[in-house]
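**Student:** Here are the chains, one letter per residue:
Number of protein chains: 2
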Amino acid sequence: HSSFSIPLGQGWGPRLAGGSRWEGNSDLPCLYLFVCIFRYSFRCMFCPLNSLKSDEAASGPKQGPTFQDGQRRVDYVLTYHVQKPQSVRRKTSRFADYRILRSLRRSLSTMRSGGTPPSKEDPEIAAHKHRLDYHEDDKRFRQTEFEDNLREVGLELEKDEGNKIPGIGFLKIHAPWNVLCREAEFMKLKMPTKKRINLFIHKVTAPLHPKVEPNRPQNKYFLLKRTRCTKAKYTMGITSLLGNGVYTAAYPLHDVSILPHISIPMRMLLSFLSCRKYFGEKIGLYFAWLGVYTQMLIPAAIVGVIVFLYGCATVDNDIPSMEICDPRNNITMCPLCDRACSYWKLKTACGTARASHLFDNPATVFFSIFMALWATMFMEHWKRRQMRLNYIWDLTGFEEEEDHHRAEYEIQVMQKTLKKQDMSPKVVKGFLLSFPLQIGVTFAVVFGVILYRISIRAALHMSSNPTARSNIRATVKGTAAVINLVIIIIMDEVYGAVARWLTLLEVPKTDKSFEERLIIKTFVLKFANAFSPIVYLAFFRGRMVGRPGDYVYVIGSYRMEECAHAGCLMELCIQLCITMLGKQLIQNNLFEIGIPKIKKLIRRRKSDMDSQQQEDYNMTLERHEKDHFLGPFVGLSPEYMEMIIQFGMVTLFVASFPLAPLFALLNNIIEIRLDAKKFVTEVRRPIAARAKDIGIWYNLLRGLSKVAVIVNAFVISFTSDFIPRLVYQYMYSPDGSMHGFVNHTLSYFNVSDFQPGTAPLQPMHLGYEVQICRYKDYRETLWSNTPYDLSKEFWAILACRLAFVIVFQNVVMLMSDFVDWLIPDIPKDISLQIHKEKILMVELFMKEEEGKKLLRDNHTNQSPFQPRSRPASHTPSKC
Amino acid sequence: HSSFSIPLGQGWGPRLAGGSRWEGNSDLPCLYLFVCIFRYSFRCMFCPLNSLKSDEAASGPKQGPTFQDGQRRVDYVLTYHVQKPQSVRRKTSRFADYRILRSLRRSLSTMRSGGTPPSKEDPEIAAHKHRLDYHEDDKRFRQTEFEDNLREVGLELEKDEGNKIPGIGFLKIHAPWNVLCREAEFMKLKMPTKKRINLFIHKVTAPLHPKVEPNRPQNKYFLLKRTRCTKAKYTMGITSLLGNGVYTAAYPLHDVSILPHISIPMRMLLSFLSCRKYFGEKIGLYFAWLGVYTQMLIPAAIVGVIVFLYGCATVDNDIPSMEICDPRNNITMCPLCDRACSYWKLKTACGTARASHLFDNPATVFFSIFMALWATMFMEHWKRRQMRLNYIWDLTGFEEEEDHHRAEYEIQVMQKTLKKQDMSPKVVKGFLLSFPLQIGVTFAVVFGVILYRISIRAALHMSSNPTARSNIRATVKGTAAVINLVIIIIMDEVYGAVARWLTLLEVPKTDKSFEERLIIKTFVLKFANAFSPIVYLAFFRGRMVGRPGDYVYVIGSYRMEECAHAGCLMELCIQLCITMLGKQLIQNNLFEIGIPKIKKLIRRRKSDMDSQQQEDYNMTLERHEKDHFLGPFVGLSPEYMEMIIQFGMVTLFVASFPLAPLFALLNNIIEIRLDAKKFVTEVRRPIAARAKDIGIWYNLLRGLSKVAVIVNAFVISFTSDFIPRLVYQYMYSPDGSMHGFVNHTLSYFNVSDFQPGTAPLQPMHLGYEVQICRYKDYRETLWSNTPYDLSKEFWAILACRLAFVIVFQNVVMLMSDFVDWLIPDIPKDISLQIHKEKILMVELFMKEEEGKKLLRDNHTNQSPFQPRSRPASHTPSKC
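Sequence order for the protein chains is A and B.
The first sequence begins at 1021 in this note's numbering and counts up one residue at a time.
The second sequence begins at 1021 in this note's numbering and counts up one residue at a time.
Some hints here could point you the wrong way.
No distinction is drawn between identical chains; accordingly, a pair holds when it is met within one copy or between any pair of copies.
Below are the DSSO-like pairs computed for lysine-lysine, each with C-alpha atoms no more than 30 angstroms apart in a straight line [claimed, not checked]:
id : residue 1 : residue 2
1  : K1179     : K1812
2  : K1726     : K1856
3  : K1529     : K1858
4  : K1848     : K1529
5  : K1697     : K1603
6  : K1403     : K1858
7  : K1403     : K1726
8  : K1620     : K1812
9  : K1529     : K1856
10 : K1529     : K1697
11 : K1403     : K1872
12 : K1858     : K1848
13 : K1872     : K1856
14 : K1796     : K1367
15 : K1848     : K1726
16 : K1812     : K1796
17 : K1698     : K1726
18 : K1697     : K1856
19 : K1403     : K1712
20 : K1712     : K1848
21 : K1848     : K1867
22 : K1812     : K1403
Quick caveat, the hints were computed from the structure, so don't treat them as lab data.
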């Protein structure tokens, strides 16, 4: 049952011994833990869900889980192992080397601090160094010291050792009012302007009620409302104790009062303003962001559907597909593979051609411009929303705390100073090993799928079953996409682990930099994983195939894949569609719903109780014990990552799949509800962290929307037939219409030019002897001086494609910058509000000034030597 | 002598009557003027140049200009007209309509304020409405009221009416200590964190010296050091009075103490840290920016010179120019103009070809990538420097003040409410009129120069003088570039006026938006003006010329210009060189040094005194009178504009002129000195404005460096021969060398295909009959099916050019983004410093907390009812 609750949540393996700072300066870790507790205790109080109960003081027992006295509320819980001798023996071998390390570190820190309290235990340590139960002793010693420190800071503790859950002890912590007040005092140092105005208002109106009884709720409330916690994470002290195994978990409790409403957690969490009260700003921002994103997807989905419908409506008027389907155009195509395949009639590609038109029409170009601007609008919209939330949540003056060093980093530094050895070679080695490995694996996967397709297709062609043959294309496409999907999902998990391993190798200095580096690595790996088959289909498939008689071969005799006549766009669509639908369905349903259910089931099986017994047992459990059974909160990174990959699908290849925003929208509507349910019922209540913005995710989104512009430009100009059509219509068409376009795109091949051994085995398959077959490429005709050379049309169209890319990219970038510039980052009403508050402050100052003048005039001769007054000294008297 | 001193300085025509806010709330304008005065009085005090004098209190008369008593220092001066009856009559007609307007406005404001003090004069106004000297009366009434208000706020005034300078009255203002203290008090509301720490330190150490005598300088110093003025501009009150003509000018005085050191103003101003003390942060930032820019130009200039030298060194190994110069390659070129010109030998273009190589070699490509990254580095470097300055100058907590409405805007709103009429049609009309006009003028200018060149060339060709003929090219290029330069300089002034007029039409709401809009408009116009000839040369010249036998004609029979064989790059270079050198020489020497000297001379002539008399007269003048003779400070916009156009020259077309950074560097070294001298000796001391950044200029610079990437990509791929050479070498060259490149770029023309009447009049000019002549283009050969059509090579090279643009743009953008991401915006040491200060604050809080606890324990029973203490109430006692 040993579970680690870690701020970021990427269960980062066994943690080495930390706590060096804690030993050196015993006040600090307590303070940090205490800050967390403080935050919870009054967050809950101001949770709108709680405000139903009007009289807070009287509702002691109903307020939530309390101490045994039924009065003091449990604000925070630490859990630890209750010693079982047999388990110690198993563990000691694993911890043996750490022990030596720790004692070394301890002696170092003792040297530094010059004989601080912890040093008094050193002789004892030296004496018991090789006893097997030393580790547990050390643990308990640390526990005692830590708990003493907590009590010293003013917190109240209660122990609950293994009554119902064997082997687990609970340390319940309560933060009394006076401690909270002192904390509030401390926090006032960083009060933002808005708060200061409140303070002024209070001071100006203070003379009207000069003495208020210290325990009147509204006054408390006032005091608490005026203050905010700013410590973003619990650091060194408690994290290293957790990592050390001294405590196994640390979590605040879920609010019992909302659990009856558990059937509507979505509604509650959708109103992210209250969500923030319960979970803190960081998770609040996630839901706000998800809300804005989902909201913004609605217009995109609508326009996408319209574009798709436009494609459907015009498919019958599309001259190129009409020409392909027209049986009178009796065009014989060259075989698609060596020997096994034979010549084929172009009109058999009729279906694909018609389907391609759905996604490859002029409306798509409009739509990809639209989506590029949409992405910019979304970013701008989010910036404004974030600013508004910052204002509402009072974060305008809040600055991110400087992060504390990670325990691992300190240990590394320690090791370095002891061993005089640099860690960087290991890191570099890790890099050198892993990134080529990753690239290799990704390419291998893509290549494997290509090979699969080629070989399956050849095999199917060779089979004599006519039904199998007619379904060749569909079968190959479908199975390949599904295989890709499965590989993507499996590799996703693998890459997640690789990224974590790589980041651990780097030993980042702080938790924040650890998180950022991990996110960047995971993003790069997962992104490459999800998009490499799509990129292959969009930009590489059918490009380097060579031409009949001079095909490009890979690994022996495998010919590179060709595209169907209407381009690879159709296959790209299928791949995108299956990836999006499949990935989201599997990840949402299987991973997020299914697996937790299965785990629960297994746990239930293990405990040898039937469901009724289990129910009864659950009823007897207290809140802190119930929460212990929930999974640890694993951070927001997986949620964000999933969404950002989706954002990539929606923006990057939107030119080839206008329905992507619709799919994303449908998924997100489910996703918000699932996430909300998960956070409320399936994981322990997360540490409420403060955050002003969504951090590195914003940069990633911004980068994606920039990359999207160029990717879409290339999809339109190179993957779709948009440019060749335009060029044909305006440069080559005899009557300015699209008639003759299909013929124009096909080059001639004389079957006598086949390389030996590559000619089809069944040349009479179509029922007549073929002299000249056609293939899709722009090459010189048979009767030119240089047959099979790339033709002038090829270069002209290539130039037009490239020109389109330049124009598209720069026009869209310019428009995006314009939209960016047009929409102010701070909403008008918020900036007005801030301005008003400034004016208010000036007026308040004026009044203050007048009052002071009066006071000075009155007392100028009475007390020439007044005691020094302190700016912050008026609040404690009210506590 | 009536001169307007205006914050921005674009002498914006006659100002309409303002002051409505002043009348409604008579305290406010005084406060604002007073803020300015306050800032000066202690800026001067802390000017490091002043710190030589140790005892400030004793140095009363030496401290600078004082009141008649020789004690109170003159902090600020207002000037006004002393009434001369004849001049009033002249003016009244001009002001007649304003008067009516003002009375209307006054009645409105009276209605609003419901009978505030100003309303008492209304009956009088009604009675005297048509008296001609009403205007002067009104002025004097306002003066009196304003001065009364100033005295009420606590300022001390002294009048000095026209003793030495007839017709001008001076109002000298002194801000006494107690007023400054109160202001300091007011400003403390916005103290940044750093200051608050100082406060804490002071409080902690305070018990050691509980009572300090209020006038001890170090204490004063402490108080003043801890506070800062934050009002950025003097607003409504004084500006509208100035605009109204109630006062003619308002300025702080130059510091007499630095005037003896006038010979070294550069050195003083180069150390911009002290410059900021004297001029304020806004001008300090300008010099800092100019310093960073000039500093960054050094590496760019060095690399540029190396690139140029590389070109010089390799010119003899350049195969294409060797081929052109080789007399054995006897290539006959087609005539460059109709009828008058004849066939010519390619080897006559030898010089141009060799010269072109200096600027058109592979090193140029490297250099333009380098310069794109350089621009990014510069922006990053400046961001960091700005951040550092913000920290050093203590602006980290400073927020830009919300700007007050401009007088003109208020009047427009007034008129609208009176006339119920929208102003926007006028604005729209202004836009519709002016921008096409501007574009028209720019195009007309460019086109005019083109026509000039074409006609001059034809004329020279027709002349029989052989020397004239041989110098044709050089003459045409040189004169055309000079004409362009002259036109650019003239139009620069015109466009400045147009931009101001357009901005006035728009009636921006605040001074800040006025400034921004004016800057944007001026920038667009001046930029288009400076760069349109260059853009024409780089991208349009020689593109749409047609081909022999099918030339493109404009306006009757003028053929479009062709480029010399080696591309237009050479002419682009000459144009850039002349524009940069000429513009800077003329603007620096003529405008910035010459014209002020001439003005002085004229003024001296007018005053009918010889130089000795003038000298004597000057000696008798006091500081405030001397300063009155100096020109008003016209803002930083012209200085920034000049630099930003230069930045454009340095980055935009750097691919064609690697010496541009060197020229810019040389210019800037002079520029900094000239600007410094100007600000210290030639204009009145500017209003010290606070600023955190260089505002809109940063955005313009950023925009320019983005545009530079794409412009350079196009210059390299389309203007230079870089891509055709590469393509020839790798696709067409038989032996992989450049041999045969010249031949490859030339197409064939059969002279029998000339359009009737366009064949040369002297076909035998070269001494032999020409059957086939050559021209520079990629077209089908004479013996192909479609002669004169664009050839496959053309399209292939075009595709390569475009591909290069895409690759170049995206690679450079990616690298720029990477550099941007790599360099942190906040320098490491600054962020460490800020972090340290935070830790210090926490520790201070802890100590404070302990002290408080002790205090509480001691006094808990003695005084249960303590008087409320105010956070800000301890400072006044020290004043």
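**Student:** Are the hints correct? Go through all of them and say.
**Tutor:** The hints, checked one at a time:
Taking the shortest Cα distances, K1179 and K1812 never come within 30 angstroms of each other, neither inside one copy (85 angstroms) nor across copies (87 angstroms). Taking the closest pair of Cα atoms, K1726 and K1856 never come within 30 angstroms of each other, the shortest separation being 37 angstroms inside a single copy and 38 angstroms across copies. Taking the shortest Cα distances, K1529 and K1858 sit within 30 angstroms of each other only across copies (19 angstroms), while inside one copy they are farther apart (40 angstroms). When the C-alpha separation of K1848 and K1529 is checked against a cutoff of 30 angstroms, the pair qualifies only between copies, where the shortest distance is 15 angstroms, while the shortest distance within a copy is 40 angstroms.
For the homomeric pair K1697 and K1603, the shortest alpha-carbon distance inside one copy (20 angstroms) is at most 30 angstroms, but the shortest distance between copies (69 angstroms) is not. Both within a single protomer and between protomers do K1403 and K1858 lie at most 30 angstroms apart by alpha-carbon distance, with minima of 23 angstroms and 28 angstroms respectively. For the homomeric pair K1403 and K1726, the shortest alpha-carbon distances inside one copy (16 angstroms) and between copies (23 angstroms) are both at most 30 angstroms. When the C-alpha separation of K1620 and K1812 is checked against a cutoff of 30 angstroms, the pair qualifies neither within a copy, at 67 angstroms, nor between copies, at 70 angstroms.
Taking the shortest alpha-carbon separations for K1529 and K1856, only the inter-copy value of 18 angstroms comes in at or below 30 angstroms, while the best intra-copy value is 42 angstroms. Taking CA atoms no more than 30 angstroms apart as the test, K1529 paired with K1697 passes in neither setting, with 34 angstroms inside one copy and 50 angstroms between copies. In this homomeric assembly, K1403 and K1872 never come within 30 angstroms of each other (Cα to Cα): the closest approach is 42 angstroms inside a single copy and 43 angstroms across copies. Proximity of K1858 to K1848 under the C-alpha cut-off of 30 angstroms is restricted to the intra-copy arrangement: shortest distance 15 angstroms within a copy versus 32 angstroms between copies.
For the identical chains of this complex, K1872 and K1856 are intra-copy neighbours only, at 24 angstroms inside a copy versus 35 angstroms across copies, given an alpha-carbon limit of 30 angstroms. Taking the closest pair of Cα atoms, K1796 and K1367 come within 30 angstroms of each other only inside a single copy of the chain (14 angstroms); across copies the shortest separation is 47 angstroms, beyond that limit. For the homomeric pair K1848 and K1726, the shortest alpha-carbon distances inside one copy (27 angstroms) and between copies (29 angstroms) are both at most 30 angstroms. In this assembly of identical chains, K1812 and K1796 lie within 30 angstroms of each other by CA distance both inside one copy and across copies; the values are 15 angstroms within and 20 angstroms between.
In this assembly of identical chains, K1698 and K1726 lie within 30 angstroms of each other by CA distance neither inside one copy nor across copies; the values are 33 angstroms within and 45 angstroms between. For a Cα distance limit of 30 angstroms, the shortest separation of K1697 from K1856 qualifies neither inside one copy, at 40 angstroms, nor across copies, at 42 angstroms. Taking the shortest alpha-carbon separations for K1403 and K1712, both the intra-copy value of 11 angstroms and the inter-copy value of 22 angstroms come in at or below 30 angstroms. Within a single copy, K1712 and K1848 get their C-alpha atoms as close as 19 angstroms, and across copies as close as 22 angstroms, so both meet the 30 angstroms cut-off.
In this assembly of identical chains, K1848 and K1867 lie within 30 angstroms of each other by CA distance solely inside one copy; the values are 29 angstroms within and 43 angstroms between copies. In this homomeric assembly, K1812 and K1403 never come within 30 angstroms of each other (Cα to Cα): the closest approach is 49 angstroms inside a single copy and 50 angstroms across copies.
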